[in-house]
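Now for the letters of each chain:
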Amino acid sequence: DGGITQSPKYLFRKEGQNVTLSCEQNLNHDAMYWYRQDPGQGLRLIYYSQIVNDFQKGDIAEGYSVSREKKESFPLTVTSAQKNPTAFYLCASSTTGGFDSPLHFGNGTRLTVT
Amino acid sequence: QKEVEQNSGPLSVPEGAIASLNCTYSDRGSQSFFWYRQYSGKSPELIMFIYSNGDKEDGRFTAQLNKASQYVSLLIRDSQPSDSATYLCAVRQSGTASKLTFGTGTRLQVTL
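These protein sequence lines map, in sequence, to chains S and P. Sequential numbering from 1 applies to the first sequence in my numbering. Sequential numbering from 1001 applies to the second sequence in my numbering.
Simulated from the structure, these hints should not be mistaken for laboratory data. Virtual Cβ for every residue (Gly too), placed ideally from N, Cα, C. Treat the hints loosely; a few may be bogus.
What the hints assert, rightly or not - Using 30 angstroms as the maximum straight-line C-alpha spacing, the simulated DSBU-like pairs for lysine-lysine come out as follows: (1) Lys-1042(P) / Lys-57(S); (2) Lys-57(S) / Lys-14(S); (3) Lys-57(S) / Lys-1056(P).
Claimed, not checked - Below, a sample of chain S positions facing chain P; criterion: calculated Cβ distance under 7 angstroms: (4) Gly-2; (5) Gly-3; (6) Leu-27; (7) Ala-31; (8) Pro-39; (9) Gln-41; (10) Val-52; (11) Phe-55; (12) Leu-90; (13) Ser-94; (14) Phe-99; (15) Phe-105; (16) Asn-107.
Claimed, not checked - Cβ-Cβ distance ranges computed for the label pairs, FRET-style: (17) Gly-1016(P) / Asn-107(S): 28 to 34 angstroms; (18) Ser-67(S) / Ser-1082(P): 26 to 32 angstroms; (19) Arg-13(S) / Leu-1046(P): 30 to 36 angstroms; (20) Lys-1056(P) / Ile-51(S): 18 to 24 angstroms; (21) Gly-63(S) / Ser-1020(P): 17 to 23 angstroms; (22) Gln-1031(P) / Thr-5(S): 28 to 34 angstroms.
Can you build the whole structure from these sequences, using the hints too?
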C-alpha cells in the first residue's frame, strides 16, 4: 500500500541534543513538507521540498534542518538551537502538477524534550 | 490579520443535525481550498477540496466557496458521533508553489 511513514511515533530527548525525524513516502510524489503542530494551534510549515536536492524554508525554519537526497525521503533534524522543540511533527507529500493537489500526511512523530 | 481564520469552537450539534464549519482567508488570489479532519492525537485526513465558486458535494459533506467574500465553508449533513473531531481549513495561496496554509481548526462535538 502506498503511503507516508514517519518514525518513530514517540521520541524523547534531553535538552541540548539534536534529533532526526524520519519521513519516507512511496507515493512517487515530488513534493514533501514538514509541519509542526502545538496544542490549540494549526499546522505551521517548517520546510518544504518540491524536487530532489532542493528545499525551501517555511514560516518557522529557525532551529531546524532538512535534506532531500532521495525522492522518497525527507528527514528533519531538530537542533539544539530550536527553543521550544516539544511538539507534534507531521510530514506530508503531494504532487506538484496542479493547484488542486492535496497534501497527504504521515501519522506524525510526537517529540518531547526535557 | 491571520491568513486563514477559523472559530476554534467547540461547535456542538445534536446527532442527525447539520454542522456548519466556516473559514475565511486573507489572500484574495488564493487558488484552492481544502478541508481536513483531525481526530485527537492523530494526523489530518483529507475530506475534500474545492477551487471553483459554488458548492461541491461528496456524500454527507458539502464544501461551499465564495471567492468574492473570501469565505469557504463545510457542511456535514446527518452528523454522527464519529464526526466529532477538529476540522482544519487549508488554503493554497497565490505564488506559494504547492504548500498549504492552515487555520487553527474548529472542534466539532456531535452529541447523542
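Right, here's what the structure says about each hint:
no.: 1; hint: Lys-1042(P) / Lys-57(S); in the structure: 25 angstroms, holds
no.: 2; hint: Lys-57(S) / Lys-14(S); in the structure: 26 angstroms, holds
no.: 3; hint: Lys-57(S) / Lys-1056(P); in the structure: 33 angstroms, violated
no.: 4; hint: Gly-2; in the structure: 14 angstroms, violated
no.: 5; hint: Gly-3; in the structure: 11 angstroms, violated
no.: 6; hint: Leu-27; in the structure: 13 angstroms, violated
no.: 7; hint: Ala-31; in the structure: 5 angstroms, holds
no.: 8; hint: Pro-39; in the structure: 11 angstroms, violated
no.: 9; hint: Gln-41; in the structure: 6 angstroms, holds
no.: 10; hint: Val-52; in the structure: 15 angstroms, violated
no.: 11; hint: Phe-55; in the structure: 12 angstroms, violated
no.: 12; hint: Leu-90; in the structure: 6 angstroms, holds
no.: 13; hint: Ser-94; in the structure: 6 angstroms, holds
no.: 14; hint: Phe-99; in the structure: 4 angstroms, holds
no.: 15; hint: Phe-105; in the structure: 4 angstroms, holds
no.: 16; hint: Asn-107; in the structure: 5 angstroms, holds
no.: 17; hint: Gly-1016(P) / Asn-107(S): 28 to 34 angstroms; in the structure: 31 angstroms, holds
no.: 18; hint: Ser-67(S) / Ser-1082(P): 26 to 32 angstroms; in the structure: 39 angstroms, violated
no.: 19; hint: Arg-13(S) / Leu-1046(P): 30 to 36 angstroms; in the structure: 31 angstroms, holds
no.: 20; hint: Lys-1056(P) / Ile-51(S): 18 to 24 angstroms; in the structure: 31 angstroms, violated
no.: 21; hint: Gly-63(S) / Ser-1020(P): 17 to 23 angstroms; in the structure: 39 angstroms, violated
no.: 22; hint: Gln-1031(P) / Thr-5(S): 28 to 34 angstroms; in the structure: 30 angstroms, holds
The structure shown violates the earlier hints numbered 3, 4, 5, 6, 8, 10, 11, 18, 20 and 21.
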